[in-house]
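**Student:** Protein chains in written order, with the numbering used here: chain F, 1 to 428; chain D, 429 to 856.
It is possible that part of the hints are untrue.
[Unchecked claim] Derived DSS-like pairs: lysine-lysine, alpha-carbon spacing no greater than 30 angstroms straight-line:
1) D:544 to D:481
2) F:375 to D:513
3) F:269 to F:3
4) D:481 to D:513
5) F:85 to D:433
6) D:803 to F:375
7) D:598 to D:813
8) D:433 to D:697
9) F:85 to F:163
10) F:5 to F:269
11) F:163 to F:191
12) F:116 to D:481
FYI, nobody ran anything at the bench for these hints, they're computed from the structure.
Protein chains: 2
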Amino acid sequence: MVKRKAVEGCTFVEGGVCAAKGFLANGVHCGLAHKALTAETPKEDHPVGTPGKNDLAMIFSKTPCAAAAMYTTNKVQAAPIQVTKRHLRNGRAQAVIVNSVNANACNADGITKAEKMCELAADALQLEPEDIIVASTGVIGQTLPLEPIAAAVPGLAEGLNEKGNTEAVKAIMTTDTQPKEIAVQFTAGGKVCTLGGMLKGSGMIHPNMATTLTFVTTDCAIEAALIQQALREVVALTLNHVSVDGDTSTNDMVCVLANGAAGNPLITKETADYEMFRDALYAVLMNLARRMARDGEGATKLIECFCEGADTDETAVIVAKSVITSSLFKAAVFGEDANCGRILCAIGYAPADLDVSQVDVSLGSEKGTIPVCRKGLVLDFSEEKAKEILGEEEILVHISLGNGGGNAVVWGCDLTYDYVRINGDYRS
Amino acid sequence: MVKRKAVEGCTFVEGGVCAAKGFLANGVHCGLAHKALTAETPKEDHPVGTPGKNDLAMIFSKTPCAAAAMYTTNKVQAAPIQVTKRHLRNGRAQAVIVNSVNANACNADGITKAEKMCELAADALQLEPEDIIVASTGVIGQTLPLEPIAAAVPGLAEGLNEKGNTEAVKAIMTTDTQPKEIAVQFTAGGKVCTLGGMLKGSGMIHPNMATTLTFVTTDCAIEAALIQQALREVVALTLNHVSVDGDTSTNDMVCVLANGAAGNPLITKETADYEMFRDALYAVLMNLARRMARDGEGATKLIECFCEGADTDETAVIVAKSVITSSLFKAAVFGEDANCGRILCAIGYAPADLDVSQVDVSLGSEKGTIPVCRKGLVLDFSEEKAKEILGEEEILVHISLGNGGGNAVVWGCDLTYDYVRINGDYRS
Numbered sequence: 001m002v003k004r005k006a007v008e009g010c011t012f013v014e015g016g017v018c019a020a021k022g023f024l025a026n027g028v029h030c031g032l033a034h035k036a037l038t039a040e041t042p043k044e045d046h047p048v049g050t051p052g053k054n055d056l057a058m059i060f061s062k063t064p065c066a067a068a069a070m071y072t073t074n075k076v077q078a079a080p081i082q083v084t085k086r087h088l089r090n091g092r093a094q095a096v097i098v099n100s101v102n103a104n105a106c107n108a109d110g111i112t113k114a115e116k117m118c119e120l121a122a123d124a125l126q127l128e129p130e131d132i133i134v135a136s137t138g139v140i141g142q143t144l145p146l147e148p149i150a151a152a153v154p155g156l157a158e159g160l161n162e163k164g165n166t167e168a169v170k171a172i173m174t175t176d177t178q179p180k181e182i183a184v185q186f187t188a189g190g191k192v193c194t195l196g197g198m199l200k201g202s203g204m205i206h207p208n209m210a211t212t213l214t215f216v217t218t219d220c221a222i223e224a225a226l227i228q229q230a231l232r233e234v235v236a237l238t239l240n241h242v243s244v245d246g247d248t249s250t251n252d253m254v255c256v257l258a259n260g261a262a263g264n265p266l267i268t269k270e271t272a273d274y275e276m277f278r279d280a281l282y283a284v285l286m287n288l289a290r291r292m293a294r295d296g297e298g299a300t301k302l303i304e305c306f307c308e309g310a311d312t313d314e315t316a317v318i319v320a321k322s323v324i325t326s327s328l329f330k331a332a333v334f335g336e337d338a339n340c341g342r343i344l345c346a347i348g349y350a351p352a353d354l355d356v357s358q359v360d361v362s363l364g365s366e367k368g369t370i371p372v373c374r375k376g377l378v379l380d381f382s383e384e385k386a387k388e389i390l391g392e393e394e395i396l397v398h399i400s401l402g403n404g405g406g407n408a409v410v411w412g413c414d415l416t417y418d419y420v421r422i423n424g425d426y427r428s
Numbered sequence: 429m430v431k432r433k434a435v436e437g438c439t440f441v442e443g444g445v446c447a448a449k450g451f452l453a454n455g456v457h458c459g460l461a462h463k464a465l466t467a468e469t470p471k472e473d474h475p476v477g478t479p480g481k482n483d484l485a486m487i488f489s490k491t492p493c494a495a496a497a498m499y500t501t502n503k504v505q506a507a508p509i510q511v512t513k514r515h516l517r518n519g520r521a522q523a524v525i526v527n528s529v530n531a532n533a534c535n536a537d538g539i540t541k542a543e544k545m546c547e548l549a550a551d552a553l554q555l556e557p558e559d560i561i562v563a564s565t566g567v568i569g570q571t572l573p574l575e576p577i578a579a580a581v582p583g584l585a586e587g588l589n590e591k592g593n594t595e596a597v598k599a600i601m602t603t604d605t606q607p608k609e610i611a612v613q614f615t616a617g618g619k620v621c622t623l624g625g626m627l628k629g630s631g632m633i634h635p636n637m638a639t640t641l642t643f644v645t646t647d648c649a650i651e652a653a654l655i656q657q658a659l660r661e662v663v664a665l666t667l668n669h670v671s672v673d674g675d676t677s678t679n680d681m682v683c684v685l686a687n688g689a690a691g692n693p694l695i696t697k698e699t700a701d702y703e704m705f706r707d708a709l710y711a712v713l714m715n716l717a718r719r720m721a722r723d724g725e726g727a728t729k730l731i732e733c734f735c736e737g738a739d740t741d742e743t744a745v746i747v748a749k750s751v752i753t754s755s756l757f758k759a760a761v762f763g764e765d766a767n768c769g770r771i772l773c774a775i776g777y778a779p780a781d782l783d784v785s786q787v788d789v790s791l792g793s794e795k796g797t798i799p800v801c802r803k804g805l806v807l808d809f810s811e812e813k814a815k816e817i818l819g820e821e822e823i824l825v826h827i828s829l830g831n832g833g834g835n836a837v838v839w840g841c842d843l844t845y846d847y848v849r850i851n852g853d854y855r856s
């Protein structure tokens, strides 16, 4: 497990999406297991739809919430994405229903099914369907069976509780090897506010789980428009700075529900309270992003790439992403090979304006830091020391472009045999 | 070995870069083996620098040639690229010297060494250094030892012969599992002309062999400016339509030498003869491109993706490349899994203007063709038939965007355990 990174003004607390006041959650196994799975299927071969694994979750706020969301930019948009977009037009929601195993994407009857999921949840919770956020993750292009969901929803709602985050987070996992949840407390308007989130990562297995779903709850009182603004700012620096394999899914969604139960004065402008809220959102999404990268399919290491000295922040992002998405470099990190030529190569083909003769690169981890390139030339460094550094779980690539004040940090992971194994599996 | 694809007006012949009249070649082992290799190193672990493997090649034309080249777009440019660019400014060359194992890139003394290689070749061949094209492929950022090259060049030149293409093509191989050479004959100005080429592929191992080098020779009489024009047109449709792992190297080069020995009237304009020359160049580079893709690191299959119905050819290229560079899709092809959801997903995130509700996709091979998506929705196809189709070595993905007359064909390969093994190896 990678370490949590602190953010000023935020204190880590337990509880994930149930950490904030007034939020309940639950997760159950409703039986959406992949059609080809049986009780005999070895667990390690079929982490998705493992018999008995939770596959349906619900999050509920006791009172209506201001809500905002961001969605995949893929032109192929799964049915739940289309339905949720419609439901959030009024900036209001009170519950989430989400399933794993089946993405409900590229199906002729997908919209109807996603709407039906909202109706089922609304009936059980005595809400309007328009107050429900719906999400799915799983195989693209397979008809979603509604029966198991319909049968499970009443019990799922009945069982909502203040520690239900642990069952809910399991229900959204696909190839994730670890549940991912983070919560923090901060102060706004003199009141202690809590903000927590859960995320399913870039597990994209069996065969199409190309989905990142993130759910954030908070008791901070804040207007929907400002949640949207903070989300846009923070996602740009966190979830959008992760790359596991460069594929953008049809189902990606991140949503925030704010019920105001903390009792702080409603945040309606870009005040210091707004900035604190945004920092808390950053603390949660940044740490979830790091965990997602570390838990990328088949990954054994988190790669954090910090690029500075760029003419603009945008250039720094482009260069850092070019490095962490290079298959050659990712495979070298897996092999714990301080392959700085591949880093220079990836910097060189990044579509950005830079002077390679000014580029410095160093590699670091808890074992120390070693410069490997200076002024665009490979240094004669100690392979032994480099190997020791790369033996750690968290690897830092530090790039200096020597060309200005722009900088960025992005996260990725190594490329391993297991990535190929997981994604080369047959569906049957 | 993938099949050769015919082009109208061109007849395949043997001989690679020695097929055209007046060209000689040779390849030897000069001893550039990687510093850490010994006679005890298992061959399969160290295909580069295997003791005794050819690592130095020469191509020579008995008479001066019109010449043109294209180079990597990476901002990090290896020393031989910089030297060759200078030498080809006058559109004239008569010989090529090329080594494998060491890329001579990102080294402080790289330019001096690349110039020295030209001087050594010029001395042995009684030419001017400016008439020499120099190229290197291998590890980035390691000092190139000149001594083995200096010692070998006289014998290399002495041994130049009309069947030397077979030794030369071995010398440029790195992780290539097969030598790649193609030659064709065509008629221009009533004379039979010959055009042949050799290529080293996207083998990028141990650890930085991210280099595609291509050398083409022809006895067709044609001006350098027109060679350059044809090269630009043809490379755009062939070498630039291949992706093995998305990394663009520091050393890529393709060059053409034309000595006019066929006796055809000099081609100086865009006549029918020019078009025939361009078609022959296309036949050679397209077939080499296919072989390169099939022989991508660790690959077991060639994926040919044909996209039609795009608003422009450019859109078709963008969409087809998005599909063949998707790690998820590439891994699925390795697993022979007809994972059409991943194809739709990759089409959806391609940065191009298209309507996903109009997209049809089919998969094909020598075993037949099967539609898998229609109007953006996944079809209920026979998994058995799909698996049979994907069991072949050459897989065709046919995408129709239903939006116009633009089309393109691009080539890639599957993503396999061996790709990770090869690129995760330590350098020591």
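**Student:** Hey, residue 481 of chain D versus residue 513 of chain D, does the alpha-carbon distance stay inside 30 angstroms?
**Tutor:** Given that 30 angstroms is the threshold and the Cα spacing comes to 29 angstroms, the pair holds.
**Student:** Would the hint linking residue 269 of chain F and residue 3 of chain F be met if the CA-CA limit is 30 angstroms?
**Tutor:** violated, 33 angstroms
**Student:** Is the hinted pair residue 163 of chain F and residue 191 of chain F satisfied, with a Cα-Cα distance of at most 30 angstroms?
**Tutor:** Since the Cα atoms of residue 163 of chain F and residue 191 of chain F sit roughly 23 angstroms apart, the hinted pair holds (cutoff 30 angstroms).
**Student:** Checking one constraint from the list: CA of residue 544 of chain D to CA of residue 481 of chain D, max 30 angstroms. Satisfied?
**Tutor:** holds, 23 angstroms
**Student:** Please work out if residue 116 of chain F and residue 481 of chain D have their alpha carbons no farther apart than 30 angstroms.
**Tutor:** violated, 66 angstroms
**Student:** Regarding the pair residue 375 of chain F and residue 513 of chain D, is the alpha-carbon distance no greater than 30 angstroms?
**Tutor:** holds, 23 angstroms
**Student:** Would the pair residue 803 of chain D and residue 375 of chain F pass a check requiring their Cα atoms to be no farther apart than 30 angstroms?
**Tutor:** violated, 52 angstroms
**Student:** Quick one, are residue 598 of chain D and residue 813 of chain D close enough, alpha carbons at most 30 angstroms?
**Tutor:** violated, 39 angstroms
**Student:** Check the hint pairing residue 5 of chain F with residue 269 of chain F against an upper bound of 30 angstroms on the C-alpha distance.
**Tutor:** Cα-Cα ~28 angstroms, so holds.
**Student:** Holds or violated: are the alpha carbons of residue 85 of chain F and residue 433 of chain D at most 30 angstroms from each other?
**Tutor:** violated, 49 angstroms
**Student:** Are the Cα atoms of residue 433 of chain D and residue 697 of chain D separated by 30 angstroms or less?
**Tutor:** holds, 28 angstroms
**Student:** Sort out whether residue 163 of chain F lies within 30 angstroms of residue 85 of chain F, counting only the CA atoms.
**Tutor:** Answer holds: residue 85 of chain F to residue 163 of chain F is near 28 angstroms, not above 30 angstroms.
Violation of the numbered hints given earlier is confined to hints 3, 5, 6, 7 and 12; the remaining hints are satisfied by the structure.
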